[in-house]
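Kindly generate the complete structure, drawing on both the sequences and the hints.
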Amino acid sequence: MLDQTTATITERTALKINPAKTCQPVGALYAALGVHGCLPHSHGSQGCCAYHRSQLTRHFKEPVMASTSSFTEGSSVFGGMANLQQAISTIFEMYDPEIIAVHTTCLSETIGDDIPTIIGKSQIEGRIPEGKVVVHCNTPSYVGSHVTGFSNMVKGFVKYLAASTGRRSEAVNLIPGWVEPSDMAELRRYTDSFKLPSIMLPDTSSVLDAPATGEHSFYPKGGTTIAQIRAMGDARHTLALGRWASQDAADLLTKQCEVPHEVLDLPIGLGATDRFVSALARLSGTAVPQPIEDERGRLVDVISDMHQYLGGKTVAIWGDPDQVIALTEFCRDMDMKPLHVLTGSHGKEFEARIKETLAGSVPDANVKEHGDLFLMHQWIKNRPVDLMIGTTYGKFISRAEDIPLVRFGWPILDRVGHSYFASVGYTGGLRLATQIISAIQERQDRDAPDHAFELVM
Amino acid sequence: MTESATITPDAASPDAVPSAEKVREELIAAYPSKVGKKRAKHILVNDPANPPEIEANVRTIPGIITQRGCCYAGCKGVVMGPIKDMVHIVHGPVGCSYYAWMSRRNQAATGDGVQNYLNYAFTTDMQDEDIVFGGEKKLAQAIREAYATFKPKAIDVFSTCPVGLIGDDVHAVARQMKEELGINVFGFSCEGYKGVSQSAGHHIANNGLFKNVVGETDVAIDHPFTINILGEYNIGGDAFEIERILEKCGIKLVATFSGNVKYDDLATSHNAKLNVVMCHRSINYMAEMMEKKFGIPWFKVNFIGADSTAKSLRKIAQFYGDAALIAKVEAVITEEMAAIAAVRTEVSGRLTGKKAMLFVGGSRAHHYQDLFNDVGMVSVTAGYEFAHRDDYESRRVIPAIKVDADSRNIEEIQVGPDPKRYAPTKTAEERAAMEKSGFAFSDYDGMMSQMRKGTLVIDDISHFEMERLIQIYKPDIFCSGIKDKYVVEKMGVPCKQLHSYDYGGPYAGFKGAENFYREIDRMISKRIWKMIVPPWKKTAA
Numbered sequence: 001m002l003d004q005t006t007a008t009i010t011e012r013t014a015l016k017i018n019p020a021k022t023c024q025p026v027g028a029l030y031a032a033l034g035v036h037g038c039l040p041h042s043h044g045s046q047g048c049c050a051y052h053r054s055q056l057t058r059h060f061k062e063p064v065m066a067s068t069s070s071f072t073e074g075s076s077v078f079g080g081m082a083n084l085q086q087a088i089s090t091i092f093e094m095y096d097p098e099i100i101a102v103h104t105t106c107l108s109e110t111i112g113d114d115i116p117t118i119i120g121k122s123q124i125e126g127r128i129p130e131g132k133v134v135v136h137c138n139t140p141s142y143v144g145s146h147v148t149g150f151s152n153m154v155k156g157f158v159k160y161l162a163a164s165t166g167r168r169s170e171a172v173n174l175i176p177g178w179v180e181p182s183d184m185a186e187l188r189r190y191t192d193s194f195k196l197p198s199i200m201l202p203d204t205s206s207v208l209d210a211p212a213t214g215e216h217s218f219y220p221k222g223g224t225t226i227a228q229i230r231a232m233g234d235a236r237h238t239l240a241l242g243r244w245a246s247q248d249a250a251d252l253l254t255k256q257c258e259v260p261h262e263v264l265d266l267p268i269g270l271g272a273t274d275r276f277v278s279a280l281a282r283l284s285g286t287a288v289p290q291p292i293e294d295e296r297g298r299l300v301d302v303i304s305d306m307h308q309y310l311g312g313k314t315v316a317i318w319g320d321p322d323q324v325i326a327l328t329e330f331c332r333d334m335d336m337k338p339l340h341v342l343t344g345s346h347g348k349e350f351e352a353r354i355k356e357t358l359a360g361s362v363p364d365a366n367v368k369e370h371g372d373l374f375l376m377h378q379w380i381k382n383r384p385v386d387l388m389i390g391t392t393y394g395k396f397i398s399r400a401e402d403i404p405l406v407r408f409g410w411p412i413l414d415r416v417g418h419s420y421f422a423s424v425g426y427t428g429g430l431r432l433a434t435q436i437i438s439a440i441q442e443r444q445d446r447d448a449p450d451h452a453f454e455l456v457m
Numbered sequence: 458m459t460e461s462a463t464i465t466p467d468a469a470s471p472d473a474v475p476s477a478e479k480v481r482e483e484l485i486a487a488y489p490s491k492v493g494k495k496r497a498k499h500i501l502v503n504d505p506a507n508p509p510e511i512e513a514n515v516r517t518i519p520g521i522i523t524q525r526g527c528c529y530a531g532c533k534g535v536v537m538g539p540i541k542d543m544v545h546i547v548h549g550p551v552g553c554s555y556y557a558w559m560s561r562r563n564q565a566a567t568g569d570g571v572q573n574y575l576n577y578a579f580t581t582d583m584q585d586e587d588i589v590f591g592g593e594k595k596l597a598q599a600i601r602e603a604y605a606t607f608k609p610k611a612i613d614v615f616s617t618c619p620v621g622l623i624g625d626d627v628h629a630v631a632r633q634m635k636e637e638l639g640i641n642v643f644g645f646s647c648e649g650y651k652g653v654s655q656s657a658g659h660h661i662a663n664n665g666l667f668k669n670v671v672g673e674t675d676v677a678i679d680h681p682f683t684i685n686i687l688g689e690y691n692i693g694g695d696a697f698e699i700e701r702i703l704e705k706c707g708i709k710l711v712a713t714f715s716g717n718v719k720y721d722d723l724a725t726s727h728n729a730k731l732n733v734v735m736c737h738r739s740i741n742y743m744a745e746m747m748e749k750k751f752g753i754p755w756f757k758v759n760f761i762g763a764d765s766t767a768k769s770l771r772k773i774a775q776f777y778g779d780a781a782l783i784a785k786v787e788a789v790i791t792e793e794m795a796a797i798a799a800v801r802t803e804v805s806g807r808l809t810g811k812k813a814m815l816f817v818g819g820s821r822a823h824h825y826q827d828l829f830n831d832v833g834m835v836s837v838t839a840g841y842e843f844a845h846r847d848d849y850e851s852r853r854v855i856p857a858i859k860v861d862a863d864s865r866n867i868e869e870i871q872v873g874p875d876p877k878r879y880a881p882t883k884t885a886e887e888r889a890a891m892e893k894s895g896f897a898f899s900d901y902d903g904m905m906s907q908m909r910k911g912t913l914v915i916d917d918i919s920h921f922e923m924e925r926l927i928q929i930y931k932p933d934i935f936c937s938g939i940k941d942k943y944v945v946e947k948m949g950v951p952c953k954q955l956h957s958y959d960y961g962g963p964y965a966g967f968k969g970a971e972n973f974y975r976e977i978d979r980m981i982s983k984r985i986w987k988m989i990v991p992p993w994k995k996t997a998a
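Top line first, the protein sequences correspond to chains A and B. Numbering follows my numbering, with no gaps: position 444 of the first sequence is 444. One gets my numbering by counting positions in the second sequence from 1 and adding 457 to each.
Calculated directly from the structure, the hints in this document are not laboratory data. Nothing here was measured: the structure is a model prediction, and the numbers come from that model. Careful, some of the hints might be misleading.
Claimed, not checked - Lysine-lysine pairs mimicking DSS-like chemistry, simulated, CA-CA at most 25 angstroms apart: (1) Lys994/B x Lys705/B; (2) Lys931/B x Lys61/A; (3) Lys479/B x Lys221/A; (4) Lys995/B x Lys221/A.
Now the structure itself:
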């Protein structure tokens with residue numbers, strides 16, 4: 001397995017090997033699925049849309065509907081306006097969405113298609129039925145990563161729809177970041193338990209975890225409604241979870257509608273959830289509800305009870321920046337030692353945050369933004385770890401080096417559960433902690449000689 | 458979505474399926490008239506004796522939710538990607554390399570010092586500045602870094618959409634690097650926007666492989682029965698099963714294009730005596746070019762389905778015309794058929810008469826009908842995602858196929874006999890005699906001649922058509938790909954992925970057929986299908 005990977009690390013300036021990120025449009029597509037009645041539309045070659053739908057489907061094991069402008073060589077020369085106009089007409093006639101969310105690709109960006117002009121022209125030509133909406137965002141694949149694409153699409157919805165009527169509502173906007181449907185449902189449970197009126201954008205719960213009923217619902221019942229997105233402009237505050245995936249939309253809400261905002265880490269693990277819960281308490285003006293505090297106590301209890309399996313264990317973590325930042329802190333708080341921490345996305349700030357988090361425990365940790373899994377593997381070869389936490393792509397390193405892997409992040413292509421059981425909040429932290437503890441215990445069991453094979457652990 | 462009039466079952470039609478004409482009319486009527494007019498040419502009622510002319514390999518209408526992918530996917534993803542010991546560098550933004558990374562499940566045997574890069578993805582990960590200032594230098598550097606790190610046999614480069622637009626000359630960079638590094642380096646202009654589907658990419662891959670690899674190494678292979686298998690990509694281990702059977706028969710496999718294959722196998726493949734073609738759509742260009750240049754005859758085979766595998770083996774043995782080989786092949790068929798007979802009989806008992814629908818690929822929607830036939834199932838409608846008219850109607854229509862603007866720019870290599878190495882396996886006289894006795898060369902009869910009269914054949918099916926067909930036909934199983942899988946299963950119908958095999962396989966050959974019989978039986982008889990409706994919602998009978 002991965003026999004061609006050696007421990008000798010040489011500097012690469014041009015070749016990326018085994019990337020730890022993908023391109024913007026897939027993030028835009030995922031975000032758009034979290035809007036009710038929305039058909040995501042990929043303005044580019046058919047392959048983009050096919051690849052993105054396939055990858056999201058493999059992760060969620062759910063239908064992922066999206067359409068494409070089906071560029072040909074001719075459209076690449078003459079521009080994609082005719083394709084997008086035709087697509088808008090066809091989509092409204094055949095698939096009747098409430099809203100089409102167009103995202104661009106490297107193809108349409110390189111030729112410079114002006115999407116707002118095309119949407120405007122389509123409006124004038126009557127291609128967009130009364131009461132229906134077309135929005136867009138620019139997602140050139142050669143800028144940023146899939147996380148940037150997610151962020152840009154959320155920002156696109158805000159830009160086109162959020163408006164201030166001049167009357168402030170009681171609602172708080174919640175921009176959840178690129179998390180699972182299960183996480184979004186859990187975040188809503190948190191705001192509900194504080195009796196805090198909230199609008200979450202996007203919300204893929206009850207979209208990408210749809211029940212089997214014998215019928216396919218083209219537009220599942222979940223998703224933020226257009227009316228809700230409009231009302232975000234009147235909210236009194238925005239909580240943006242994750243600097244990479246959520247800050248831009250929150251900034252825009254402030255600029256466009258004067259909604260103040262704050263950016264928090266994704267509430268993954270104990271510390272980050274504490275900060276989230278404190279913010280909810282402050283915004284709602286109520287004490288933390290007892291059930292939430294009990295959940296916190298259970299998480300603390302399990303970490304304490306099982307500390308012997310956690311303390312000092314070395315770990316390699318990779319994934320998207322918002323996730324990895326929170327997860328690294330969580331591992332540190334359980335006294336694990338993150339030796340290698342990497343994201344495929346850009347951001348020097350990522351390296352600074354991780355180094356700050358680990359300054360007191362692993363000052364010599366390998367940390368890299370815009371890295372790849374080939375480098376991660378080489379790091380591990382040079383300095384082995386007890387556990388790996390990351391996406392499915394890590395399973396090949398896990399097998400090559402015989403190190404247990406806890407799957408976390410996007411994508412997870414070879415297991416189920418992530419879309420149904422949350423990782424955010426205290427109960428989500430409990431789920432993560434038990435996965436980590438179990439992985440370490442399984443390994444201890446596997447490697448134990450007969451005389452030391454424990455009944456009770 | 459447009460709701461339409463109920464279709465009454467047609468009593469005259471087999472299995473009480475609604476009449477295909479009525480279904481066709483309904484599907485077309487649901488579209489805006491301009492779109493409907495176009496789709497009408499892709500949706501036809503079959504007549505196996507006189508296959509109707511179908512529109513295929515033309516643009517998908519923008520906004521239609523299609524199964525199709527792009528040219529790059531056909532070139533890198535399908536044809537070139539499975540070559541195991543080459544470093545395949547994707548020149549472009551990260552996504553294209555990332556998505557074609559292990560997602561097609563081409564398996565490869567390792568060991569014996571063979572390098573295997575199938576678990577790796579290589580990309581230039583183009584950034585903003587590369588688009589603005591050009592990416593040639595970065596590509597050259599990436600190739601250098603790949604060579605320095607891995608020392609592979611050869612390196613190929615795939616162009617993604619922006620590469621063509623900004624004018625990077627990947628071929629010039631490849632030539633320069635070939636000289637600098639002393640290994641074979643070559644490029645493909647397979648930008649995603651070329652052609653109308655993956656199909657353009659297959660053709661471009663065939664051209665590049667033919668120009669840059671095939672014929673590189675002359676060797677004398679000391680074996681009377683040498684063969685290449687074209688268009689078998691070893692998804693789920695299919696090629697392993699075919700390799701097993703050929704070896705058992707005493708037939709020497711030189712190269713598979715391109716499942717479980719090494720660069721050197723392909724470089725010597727022109728020394729084989731025979732080419733057989735599995736996936737006609739993706740590789741027929743190679744078969745034609747190798748015949749013209751080296752004199753290697755080819756014919757179509759199908760190792761999907763036990764009966765088809767037996768038939769294909771018999772034809773291969775007949776080609777060599779060796780009595781001992783013919784006897785050996787018969788013995789193998791007898792033994793292998795006996796080994797799967799019990800399962801086939803048992804499963805047939807449950808599956809005979811069950812209805813399948815197949816919408817996939819450029820050959821699988823045809824090949825897998827043979828597997829369903831093995832267990833008595835009926836294919837009620839089928840169609841390809843990216844095939845051409847010949848894959849539906851037979852190669853006889855090739856001269857009549859109009860080349861449109863989307864296909865015109867895909868190079869047709871003009872090939873003549875190699876002055877030194879053209880050595881036809883069969884003389885003209887031998888060949889004529891064989892043809893006279895009914896042996897077909899360079900043949901493919903297409904899907905339509907094998908499908909029942911009155912079945913619906915649909916090219917480049919849309920999402921809307923798929924959902925409607927499932928509602929109308931209520932198939933027992935639907936065969937498609939990942940994008941459709943969970944839509945179909947939400948509707949309570951099992952969906953077998955025929956691209957990825959649902960992470961199972963092999964399904965080729967005899968053991969593969971047995972796997973497939975069991976798999977389809979499992980899927981159709983799953984208890985959970987009967988439990989979708991909760992008890993409190995079931996009305997008393």
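Task: Hints that the structure is at odds with (numbers, increasing) - done: 1 and 3
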